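Residue numbers (my numbering), protein chains in the order written: chain A, 1 to 253; chain B, 1 to 223; chain C, 1 to 210.
No lab work stands behind these hints: they were computed from the structure. One thing to keep in mind: the hints can contain errors.
Partial list, derived from the structure: chain A residues whose beta carbon lies under 10 Å from chain C [unchecked claim]:
| # | residue |
| --- | --- |
| 1 | R13 |
| 2 | R17 |
| 3 | T18 |
| 4 | A141 |
| 5 | A144 |
| 6 | E148 |
| 7 | R228 |
| 8 | M235 |
| 9 | A236 |
The structure displayed is predicted, hence computed values, not measured ones. From the three backbone atoms N, C-alpha and C, an ideal C-beta is built for every residue, glycine too.
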Amino acid sequence: MIQRLANPARFNRLAGRTMPWLAWGAALCIGAALWLALAVSPADYQQGEAVRIMYVHVPAAWMALVAYAFVALASAGGLVWKHPLAHVAAQAAAPVGAAFTFLCLVTGSLWGKPMWGTWWVWDARLTSVLVLFFLYLGFIALTAAFDEPQRGERAAAILALVGVVNVPVIKFSVDWWNTLHQPASVMKMSGPAIHPSMLWPLLLMALGFTLYFGAVVLVRMKALLLARRARAMAMAQVHRAAPAAAEPGSAHG
Amino acid sequence: MIAALGLILRRELRLALRQAGESATVVLFFILAALLFPLGVGPSPATLARIAPGVLWATALLAAMLSFERLFQPDFEDGSLEQLALSPAPLEGLVLAKALAHWLTAAAPLIVAAPVLGVMLNLPAEGFVPLIAGMALGTPAISLIGAVGAALTLGARRGGVLLALLVIPLVIPVLIFGAAAVEAAIGGFPVRAHLTALGGISLGALVLGPWAAGAALRQALAE
Amino acid sequence: MARFGGDGLECARGERLVFAGLGFDVGPGDALLLEGRNGSGKTSLLRLMAGLARPAAGRIAWDGADIGDDAEGHRARTRYIGHLDAVKPQLSVIENLSFWAALHGGGAAGAQAGLTAFGLDTLARAPARYLSAGQRRRLALARLAAAPAALWLMDEPTIALDRASIAALIAAIAAHRATGGMAVIATNVDIGLDGARLLSLEDFAVADGP
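Could you put the whole structure together from the sequences, leaning on the hints where they help?
Set out below in structure tokens:
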């Protein structure tokens, strides 16, 4: 009757079946993309070899946003439709999204050193990604801040929805701020026509990251559901220990 | 319902008056934090004038962080919040009344203190009007977003620090437009667009804040 | 005649089901006593009845209409006395009570009636900071008499009360029931109400098992 809150059996079956496909797909895509990015694609005539960081940096930035959208959608699903697995999905995805955001920041910084001669510039894009990173951290911290896990996941879900409204405002304000304070150097992505030899590894990497995201979220959801069951069992033990509940045959299922 | 909100507002103001020390603490923190900057970067008037708009806005936001915890936490702990939730006023209305009281007792004193600090930080004369106008327009958003954070962290472990962690990223736009308005005025540029943006953010917070905080309060009380 | 009832109620705290399949029915003039060991869900049930929380399953209805569908109406007819007294130490006794009386439409006369019903007249101007635990409890209970409401929900109302105050509470409940009011009281102490019915939450406890 504890499983009333979620039907992990069906979810576990489904997750068990799809997870290997996602994981292998991710490994293949990322491997192929890395090979294309590092060996096949040409060096940039301006940026030289350093341009290859882009093949990790840009898909990571995409994933940072995709994962946030996923967290927000799952949160809405949990709050509005009360789907039992929705909060678990949001909780599972948030640290993965935060990791992609962090990857994006680190690769951006690594890219910045050869390009701009400094590890960090207050470029509008980097700055708004930094703020996004803190939004992720807030979500994760709020989830973990309550003795009652249900309260944490619901509070975090509300925060995720507030964040969705706020993210465009933050993005807009940071862009505005950036144009006001004209940075030392403005990064320009290569024009509208990106060469196919650069586009392919980029898209492949993005696909690989997405599959990886799916695989890790599924694994994390399974782990969270197990942790939840462990907690319920520990709690049941406490209540069995109470004198009045010590009836025989209380252990079933 | 309006009558109920008026009652709640009056009670909040009376309570704030009885413990005026708390409002004073927030303002004192604002002043002290702002005065750290001359000590840190040196007393050169030109440097101070350059950083004054940003320092004033950033420290005002930090000071406001200290004041959010008392929005709902005392009422939550002594049972008043559940009684208020069972009163004729809806929770969204309660949030509005609370945020308004917070604005009057915490934000307004900051607005009054800001020009004084502006003098001490050598803020150029053109900056004062947009500083005050920007704070008047932007602080309602601060109060409302803070109310959301305060409601979300009710009953949380380490609630105070967590609250700041949640709220600071959300109020970054207010800081940007607020400081930009002052800088624009000093540089001789029009400030209208910045102030409009601040007002817009406050209006948005007025729509979204009570809803989100109300939902969060409902969750907090359902446990 | 109004009826307040629930059926098929299920309450979950965290991942644990506290009770399931619980039903109750209260009519005008009725008093219902909730009994059960610690953790059996008395407080949870009262909070469900007040509308502070939603049941995991089942429904609670007033005159057949789900209380969730008319939250405002239900709030207006309900007075809830929880574990916490909701007394502000910075305010005086009368300031504390006047606020709740006004909020529920009882006005100054209601506040005065509340003071009198629980013997707080002489303390009216005293700062609530100086009240003893029992006096604070009486101030919380005085809200019941400060504005009329059809449904009284009380969680261990007699905690910290002396004998005279318990008598005042019983008198207040009797007066409330005499005018067709309902009372639901969670208590492990026999407070001796005439014709009160008993609901033992143990009967609906859910066996814990993984």
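Requested in this report: Could you check the structure against the hints above and give me the numbers of any it violates, in ascending order?
Outcome: Those not satisfied are hints 1, 2, 3, 4, 5.
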